[in-house]
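**Student:** Sequence:
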Amino acid sequence: MMSLKSLKAREDDLSSPQRQLELLSEGIFEEGELPTFKDKIAESGHFPLKPKKLEILQLNLGYMCNQVCSHCHVDAGPDRKEIMTKETMLLCLEVIKNTGAHTLDLTGGAPEMNPNFRWFVEEASKAGIKDFIVRSNLTIILANKKFHDLPNFFKKHNVHVVSSLPFYKREKTDKQRGNGVFDKSIKALQLLNEVGYAQPDSALKLDLVYNPSGAFLPTNQAAMEHDFKKALKEDFNIDFNNLFAITNLPISRFLEYLIASENYEDYMYSLVDAYNPAAVENVMCTNTISISWDGWLYDCDFNQMLDLKVNSKVKHINEYNEDLLNDRNIIISQHCYGCTAGAGSSCQGSTI
1 MMSLKSLKAR
11 EDDLSSPQRQ
21 LELLSEGIFE
31 EGELPTFKDK
41 IAESGHFPLK
51 PKKLEILQLN
61 LGYMCNQVCS
71 HCHVDAGPDR
81 KEIMTKETML
91 LCLEVIKNTG
101 AHTLDLTGGA
111 PEMNPNFRWF
121 VEEASKAGIK
131 DFIVRSNLTI
141 ILANKKFHDL
151 PNFFKKHNVH
161 VVSSLPFYKR
171 EKTDKQRGNG
181 VFDKSIKALQ
191 LLNEVGYAQP
201 DSALKLDLVY
211 NPSGAFLPTN
221 QAAMEHDFKK
231 ALKEDFNIDF
241 NNLFAITNLP
251 ISRFLEYLIA
261 SENYEDYMYS
271 LVDAYNPAAV
281 ENVMCTNTIS
291 ISWDGWLYDC
301 DFNQMLDLKV
311 NSKVKHINEY
321 NEDLLNDRNI
331 IISQHCYGCT
341 AGAGSSCQGS
351 TI
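Going by UniProt numbering, the sequence shown opens with residue 1, and the numbers climb by one from there.
Just so you know, nobody snuck in bad clues.
Using 30 Å as the maximum straight-line C-alpha spacing, the simulated DSS-like pairs for lysine-lysine come out as follows: (1) K86 / K156; (2) K156 / K146; (3) K126 / K315; (4) K205 / K86; (5) K233 / K169; (6) K187 / K175; (7) K97 / K52.
Restraint ranges, calculated between C-beta atoms of paired labels, are given here: (8) E262 / G128: 48 to 56 Å; (9) K187 / E22: 40 to 48 Å; (10) D131 / D201: 14 to 22 Å; (11) P115 / A42: 44 to 52 Å; (12) K172 / D266: 18 to 26 Å; (13) E22 / D131: 34 to 42 Å; (14) K230 / D201: 15 to 23 Å.
Simulated from the structure, these hints should not be mistaken for lab results.
From a predicted model like this one, the values you see are computed outputs, not experimental measurements.
Note that CB positions come from ideal geometry on N, CA and C, so glycine has one too.
Hey, can you work out the whole structure from these sequences and the hints?
**Tutor:** Below, the structure is given as structure tokens:
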């Protein structure tokens with residue numbers, strides 16, 4: 001694994017969400033070389049950005065993770081101790097029972113590292129959610145004996161597993177996520193297949209997520225899915241359902257990488273050049289509410305990491321009101337270009 005610590009543990013300047021937002025507003029945007037995201041979506045008639053029908057509740061169960069990936073927008077790692085408490089989980093369960101959303105999406109860090117993870121999955125699975133997603137980094141399944149039975153636990157509760165796999169080759173994956181990650185990820189995928197995930201006539205869904213390993217945008221999602229399926233089947237006899245190609249947003253550790261490699265301005269030019277008005281229609285902030293480990297409400301997971309709370313009288317899970325939230329304007333900044341480039345990007349992959 002990488003020995004890298006989180007930005008927070010290193011007391012790096014970029015561990016401050018405010019500093020990240022300043023960087024995203026200065027330089028090429030402040031000087032007018034590139035249009036701000038607000039001005040860009042105003043040109044195509046999308047400002048202010050408004051929510052549509054709420055479909056997805058995304059809960060971040062904590063920033064603790066067994067990996068320290070170079071591109072991580074959460075700045076997650078073993079040194080992050082922020083974890084959702086059982087009290088906050090109980091508030092979330094009340095919302096889940098009463099919401100109009102049909103999808104529950106559990107993320108982290110490694111959500112499985114929350115000490116109340118299994119209890120919460122068992123309780124939430126009773127709420128009648130149509131699509132119950134857990135975002136797993138795969139290696140957590142092999143990280144400790146207490147996690148080895150996760151594939152069977154997921155199967156028991158009909159959990160839709162969405163797993164990160166940067167590439168179908170060892171070198172690229174380990175470069176982004178740490179030495180040994182690829183082999184452990186392959187073993188975890190095989191274990192999920194063994195219990196029935198992504199098998200013919202099985203309702204157990206296993207999807208993969210691809211993030212580019214450098215300062216470039218993902219290519220066509222359908223073509224990449226074909227390549228991933230072919231390579232993983234031929235080399236490791238692994239099956240999965242869908243591949244989601246997600247653009248790396250210029251925040252947190254990926255922003256650090258862009259600045260350190262002197263790719264920041266070029267990357268922002270690439271995002272702005274690839275802006276697609278059609279992609280704005282289905283950006284994830286229009287159908288999602290993101291809930292942080294401590295219960296604050298955000299338009300999306302990325303806004304959560306920049307501490308951009310929802311623009312509403314309702315800002316915390318303890319005062320949740322779907323009607324008021326549906327009437328808000330969505331908060332935006334320059335990082336939002338990442339979701340509107342090319343075919344669009346969301347936690348569910350391309351938006352068009």
